[in-house]
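Q: Could you build all of it, start to finish, from the sequences and the hints given here?
2 protein chains.
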Amino acid sequence: MALIVHKYGGTSMGSPERIKNVAKRVAKWARAGHQMVVVPSAMSGETNRLLGLAKELAPAKETRSYMRELDMLASTGEQASSALLAIALQSEGMDSVSYAGWQVPIRTDSAYTKARIESIDDVRVRGDLQAGRVVIITGFQGVDENQNITTLGRGGSDTSAVAVAAAMKADECLIYTDVDGVYTTDPRVVPEARRLKTVSFEEMLEMASLGSKVLQIRSVEFAGKYKVPLRVLSSFTPWDINIQEEAKSGTLITFEEDTQMEQAVVSGIAFNRDEAKISIIGVPDKPGIAYQILGSVAEGNIEVDMIIQNIGKDGRTDFSFTVHRNDFARAMDLLKAKVLPTLGSTEALGDTKICKVSIVGIGMRSHVGIASKMFRTLSEEGINIQMISTSEIKTSVVIDEKYMELAVRALHKAFDLDQVQA
Amino acid sequence: MALIVHKYGGTSMGSPERIKNVAKRVAKWARAGHQMVVVPSAMSGETNRLLGLAKELAPAKETRSYMRELDMLASTGEQASSALLAIALQSEGMDSVSYAGWQVPIRTDSAYTKARIESIDDVRVRGDLQAGRVVIITGFQGVDENQNITTLGRGGSDTSAVAVAAAMKADECLIYTDVDGVYTTDPRVVPEARRLKTVSFEEMLEMASLGSKVLQIRSVEFAGKYKVPLRVLSSFTPWDINIQEEAKSGTLITFEEDTQMEQAVVSGIAFNRDEAKISIIGVPDKPGIAYQILGSVAEGNIEVDMIIQNIGKDGRTDFSFTVHRNDFARAMDLLKAKVLPTLGSTEALGDTKICKVSIVGIGMRSHVGIASKMFRTLSEEGINIQMISTSEIKTSVVIDEKYMELAVRALHKAFDLDQVQA
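Protein sequences appear in the order of chains A and B.
Mapping the first sequence onto our numbering, position 111 (from 1) lands on 111, and the numbers just tick up by one.
Mapping the second sequence onto our numbering, position 371 (from 1) lands on 371, and the numbers just tick up by one.
No wet-lab data here; the hints were simulated from the structure.
C-beta: ideal position from N, C-alpha, C; glycine also.
Heads up, some of the hints might be wrong.
[Said to hold, decoys possible] Using C-beta positions, here's what the derived DEER-type ranges look like:
| hint | chain 1 | residue 1 | chain 2 | residue 2 | range |
| --- | --- | --- | --- | --- | --- |
| 1 | A | Asp-240 | B | Gln-130 | 53 to 63 Å |
| 2 | B | Glu-145 | A | Pro-187 | 45 to 55 Å |
| 3 | B | Lys-169 | A | Asp-95 | 39 to 49 Å |
| 4 | A | Asp-240 | B | Met-67 | 25 to 35 Å |
| 5 | B | Lys-169 | A | Lys-225 | 48 to 58 Å |
| 6 | A | Asn-146 | B | Lys-336 | 56 to 66 Å |
| 7 | B | Gly-127 | A | Ala-60 | 21 to 31 Å |
| 8 | A | Gly-45 | B | Glu-118 | 30 to 40 Å |
A: Here it is, written out as structure tokens:
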């Protein structure tokens, strides 16, 4: 008998009929002898409906009081879907009980709309499991030390599920979603893309941060921190699929670094076109410049992703970085108003028509041929590289966005990702 | 500066536009210097929508576990509308905060779907009021000692508002609704029906229990127990109506018995056709019979309203009572199966085509002419009286339901209720 956490997204919970299917699937697992905790999202569309109502009434300024009420409001979506799932399980003959975040409690900080989980008290839930109940816990939400409801931000139900699994030392956390696992790259771009049976936690983290939307990045961080065995799998298989088969489907996120380290394979190609590039030309090549530039950007609450500074000549250098496209105009305004005047004879060049393409794989750095093979492949396709950035397990390049699909396909082929995994 | 509780029904909260109007009205009261606590219902239709979803998933048997989940589910409606009202108030420039029942907390027993309030802790709410905030408290719900969410049953938001007003010793509790007060009778039946400027708590209690749907009966009981000054008034006046005028509108429910006792007027005519009559003919006229009959009915969890037993002759008597029409068939089955066989040579006659009409007024019993005037009036209209029941402040008759409107109109005129109140 194992303790298993299931997480179901909004699409899986989208109608009474679908909730019935989730209940049948969960009941199957419970009848197989497992202790079951289930974390559902709100019914699809519900969170948007609620926030749409709030928008019609919203004050001009997004005050903290306003954010608090948004969390009061949005958290009702998961409370309702959790109660409905408990009811559906009862109809399946399973004793079941649902808890809102505050009832568990799932304790968070007080950062409304993007709170972080601080602790989970599992005494009550464990009591129910021992009494043979299936426990439903609302995703997406918690409670701060002053009994205010908080939410974890979009996609926060993934994080809730992993956090619950970590706190309860669950044997596995299964994230049911509308894709059937993690792929070597986006199958819509490369039809030959292959599902990975396993992927290391570090690779998954890079995949998530690079735009692969399978899992919320914070849930992956959480899984890594607490070594929660995490599986991403499809909620679109029939509920009565053989349980042994189901338990092996999807993609398992692993933590056994030693077995993976020596393989030195590229596991996947990630990409996104959410970023814009900003270059400051002719910057004085002296200490404190990076801080002078990026300090102002950070004060404007703008996140910076890649940062590149070239070796200077004649006492001048070029300094480039990328920001989210939504922040691009604001970052440019801020640089022109506050930073450039203090640097002297410099100009800022912006480009929103870029994309970032990355190869991801454990042990990449210790295998010298990997990065150069990436650069050669892009060169053979006539694609100019504008920026390069590397880490232990990924190499990223910025290129013209019109070449994105071409680059992803070429790299997927060059690294043999269409071949069956060993 | 007074402490005022406002309660708004689902219709008043039915859309963002209407919520804005509620916010403007509340802000007007707050700006006039009052400390404001507001108890809203769920947006109209929301509770039905949620319970409709539950119905599609409901188990065959209504277990306690199921009732618990219904309360988890239904309580989200008020949590959402409360957050939206707080947001709308913030947009009006008023600092505002919303609390779910468990956050106050409003402590109840554990009778899911029909819980009773046991205590309200007002420390947190009072702190907010002193800090100049408008406090929104979800109607309809509370929390039991094990941190389970409970609801108070349909119309429970009235009770929540009165209970909060009682706990906080509010100066007045204003129930905003879709009628503009309490009438001498239903204006749809008697166009000459007149709004009462004041009505005593006892009369209101009879009105509510007799089917006048203006206020939930438990809220009236609560108001009486704690002497909460309660006013029923219209939510359809323009929000910017003069506040002194608004404060005097509607109907005030009073507790000054001494001033009313001597008037001995009939305040109103109440009626309903929710009941059915059951007569057991030829019952042995001996001790224990009433218990023998009604004990079985009570064990079947069927509420009995009027009970009449005539003087017997030849050692036999007739025994009649009324039950809710929804319970009629079950009550008849139960009597035939369990009670009649033990009584010997008796039969049970049922009639669902009845109605109950009552005249209500403080001090009625001490004025001998009142009841006989009622009977004479009905007689003059050719209406046969099937049952009579009296109390300190009301006289009720059961008649054929086809005469209901005729009886109500005739009594309304006979007791001069269309004349302006002294």
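Q: Now look at each hint and say whether the structure bears it out.
A: Hint check results:
Checked against the hint of 53 to 63 Å, the pair Asp-240/A and Gln-130/B passes, with Cβ atoms roughly 59 Å apart. A C-beta distance of roughly 53 Å is found between Glu-145/B and Pro-187/A, which places it inside the suggested range of 45 to 55 Å. Separated by about 43 Å at the C-beta atoms, Lys-169/B and Asp-95/A satisfy the suggested range of 39 to 49 Å. Restraint check, Asp-240/A to Met-67/B: a C-beta distance of roughly 30 Å satisfies the suggested window 25 to 35 Å.
The hinted range of 48 to 58 Å is satisfied by Lys-169/B and Lys-225/A, whose Cβ atoms lie roughly 51 Å apart. A hinted range of 56 to 66 Å for the beta carbons of Asn-146/A and Lys-336/B is consistent with their spacing of about 60 Å. In this structure the supplied range 21 to 31 Å holds for Gly-127/B paired with Ala-60/A, their Cβ-Cβ distance being about 27 Å. Range check, Gly-45/A to Glu-118/B: Cβ separation about 38 Å, and the 30 to 40 Å hint holds.
No hint from the list above goes unmet by this structure.
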